[in-house]
Amino acid sequence: MTALYQVHAVGLIRLAVVMLGDRAAAEDVVQEAFCALYRRWDHLADPAKALTYVRSSILNGCRSELRRRIRGDRRPAPDAAAAGAASAEAVAMIGEEHREVLAALRRLPRRQREALVLKFYLDLPEPEIAASMGVTAGTVKSTTSRALGALARLIGEDR
Amino acid sequence: MTTIEDRLRAAATAAAGTVAPGSAPPLRLPAEPGRSRRPARRGRRRLWMLRMAPLAAAAAVIAVVASALAVTGGTQVHRPPARAAGASALAALPPYYVVLTGNNPDQTVLQPLHAVIRATASGATVSTIAAPSPYSTFDSVAGASDGRTFVLAAEKLVVDHIDGGASQQAAPVRFFLLHIGRGGRASLTALPIPQEPASADLAGTALSPDGRKLAVVIDGDHGVAPRIQIFSTATGSEQDWTWRGGGEITNNDGGDGQAISWAGDDRTLAFQLWRGRNIYVGVADTARPAAGRLVVDFAGQGVDSAHGTYILNGPSALITPNGALIMCATSTAMRSAGGAVTGYRLGYVAFSARTSRPLEVLDPRQYTSYKWLQTEDVLWTNASGSELIVLMNVPTAKPGKYRLQVGAVGPRGFTPLPGDQLPSELFFEPAW
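Chains as they are written, first to last, in this note's numbering: chain A, 702 to 860; chain B, 215 to 646.
Any given hint could turn out to be false.
Keeping only pairs whose Cα atoms sit at most 30 Å apart, straight-line, the calculated DSSO-like set for lysine-lysine is [stated by the list, open to error]:
{"id": "1", "chain 1": "A", "residue 1": "Lys750", "chain 2": "B", "residue 2": "Lys612"}
{"id": "2", "chain 1": "B", "residue 1": "Lys615", "chain 2": "B", "residue 2": "Lys585"}
{"id": "3", "chain 1": "B", "residue 1": "Lys585", "chain 2": "B", "residue 2": "Lys612"}
{"id": "4", "chain 1": "B", "residue 1": "Lys370", "chain 2": "A", "residue 2": "Lys842"}
{"id": "5", "chain 1": "B", "residue 1": "Lys585", "chain 2": "A", "residue 2": "Lys842"}
{"id": "6", "chain 1": "A", "residue 1": "Lys750", "chain 2": "A", "residue 2": "Lys842"}
Hints listed in this document are in silico derivations from the structure and should not be mistaken for laboratory results.
Produce the complete structure using the sequences and hints provided.
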């Protein structure tokens, strides 16, 4: 499992950053997901599916993190100043045009947001997106289509 | 031309690029594998997945005073001053509402949902009801206008585990009538409506204001014409209404929020329709098997007005019981001279159900720190649309950050609902 982490940690943290826009929270979510995988490792029906499992777990973790944010009870980062600096640096690295798209993405209902990130950021095939989201492939298709329409409207893009 | 897909890819890649290769912290695992805290999926087969939101304590909220703004008036929106919750503002609301929640809402797991009855004015939990045997979970709830009559959909919770994920298996659905009597005493009785087969793809329910009719959406995905079943709650008799204009009847999320709503005449039903990548709100005359028309067209960039382009910002679109208005949460982008988005105007817009024109904006607000904004919604409307229950972004103690709050919007402005009703839930679909 350590090897799985070494190979995929950065990619999975990136996924969580896209979902959350917050590096520290993204690292926490990925760490938690791997801890959950560790606890369940012996019970996995197919260890080859561990990456799908941990990806699903990260999506769940992102939902929980957003829930904490909505409730306003997010625990402060251990080093708030450092986290703030990192955040400011990250903001500077992302252009205004991208920030607009990302802000709109994060305003989408969560299922639409997940479908778009899995499809257009991770380029996952529909069956794998369905497995990660716990929905049917047909739902992935229709949700993605709606989500693109909603995103286009949010950023005022004429399609 | 850069497509929306290209822009999304580029933005996500830019965000991901802030995480440098090799910068992952070391993995910290617990010393011994402990008891499994299973991170199972919350995904469900049905499109009407519950959307739970936080309802934080009213006292802690910086409430927003709202004002009605005539669209034709040209008044600038403003950031209203804080005010305390007022009992009088809640007096006009239905006495009770019902939310579906699980036993352990802190974990994102598939679990049976039970119905919690709460008093609107106090936020107090009145009672909790489990799905009657042989069913094990409730899937949806819809309310009549008296705040005491509700219909719950119950089914057996059967979970499929797939590749580390899990989703709810299709199962037959039975409808139950929930009546809340004096003192909050609740009774649950099976309705004479035939059980929906597992193969029915239900996308939402709506109970007529007088409680006599239940509408059930069969969404029409995969090339089948969408259909609305209309049942008499007294006899279980059924008539069907079908939309023949293409698309599928579902809400502005594909899962959360109210896709259909009744006017008070027991005949007119508003529905949301997705066709291609555009969403519309239509009005059905259910007395005629296929009579209906699209009223509000959120296609392309949304509905244009003198105040900008309104885009649908919430999963729900409700027709007022008097049949005159369609109420929606909307947002309008504010742009710099160069065209960049500088913020959003959010509010609750009343569209004419006859002409589709936006007539009034309830509680218009302007947000410049838009990064933390979330989807708002209209959850309930009174007969004329002058009083709403909504999901709203309210400011937190941190400048530029907002969180969602359920409250009432009316002539007195925004009043948060009291009580810590659902402290742990992210998505919810309460019914009034």
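Hinted pair B/Lys615 and B/Lys585, Cα distance within 30 Å: 8 Å, holds
Given pair status - A/Lys842, A/Lys750, alpha carbons within 30 Å: 22 Å, holds
Given pair status - B/Lys612, A/Lys750, alpha carbons within 30 Å: 41 Å, violated
Pairwise hint evaluation, A/Lys842 against B/Lys585, where the allowed Cα distance is 30 Å at most: The hint holds at about 27 Å.
Restraint check for B/Lys370 with A/Lys842, where alpha carbons must lie at most 30 Å apart: 27 Å, holds
30 Å limit on alpha-carbon distance, applied to hinted pair B/Lys585 and B/Lys612: 13 Å, holds
Checked against the numbered hints given earlier, the structure breaks only hint 1 and satisfies all the rest.
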